[in-house]
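**Q** Sequence:
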Amino acid sequence: MEILSVLVVLILIVAVVSTLALTGKPDENYSDSTKRNTTNLTLIYVVIIFISLVSLGIYIWLT
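Just so you know, our numbering puts 579 at position 51 of the sequence shown, and the rest follows in order with no gaps.
No wet-lab data here; the hints were simulated from the structure. Treat each hint with caution, since some may be false.
[Said to hold, decoys possible] Cβ pair distances, simulated, as ranges:
hint : residue 1 : residue 2 : range
1    : Gly585    : Asn565    : 24 to 34 Å
2    : Leu535    : Thr562    : 33 to 43 Å
3    : Ile586    : Thr551    : 21 to 31 Å
4    : Leu548    : Leu590    : 24 to 34 Å
All figures in this text were calculated on a predicted structure; none of them were measured in a lab. We put the CB at the ideal spot given by N, CA and C, even for glycine.
Go ahead and model the full structure; you've got the sequences and the hints to work with.
**A** Structure (structure tokens):
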């Protein structure tokens, strides 16, 4: 159990260090990629909400 705890702590430290290393690099096309990502996420949310509502309607109709 102690070995697993040490392993988890090591993975956590590596994750924090790598995250901080990546955030230090600026992105030149940040505004362009942000607009594209926002558009993609909005489209994904619309599709998922539509599919969820249709599925809920079918479930209610069949029961």
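**Q** Would you mind marking each hint as holding or not holding in the structure?
**A** Taking the hints in turn, this is what the structure says about them:
Remark: the range hint 24 to 34 Å for Gly585 to Asn565 is upheld by a beta-carbon distance near 30 Å. The beta-carbon spacing between Leu535 and Thr562, approximately 36 Å, falls within the hinted interval of 33 to 43 Å. Distance hint check for Ile586 and Thr551: the Cβ-Cβ separation is about 44 Å, which falls outside the suggested range of 21 to 31 Å. Evaluation of the 24 to 34 Å hint for Leu548 and Leu590 yields a failure: the beta carbon distance comes to about 51 Å.
Going through the hint list in order, the structure does not satisfy hints 3, 4.
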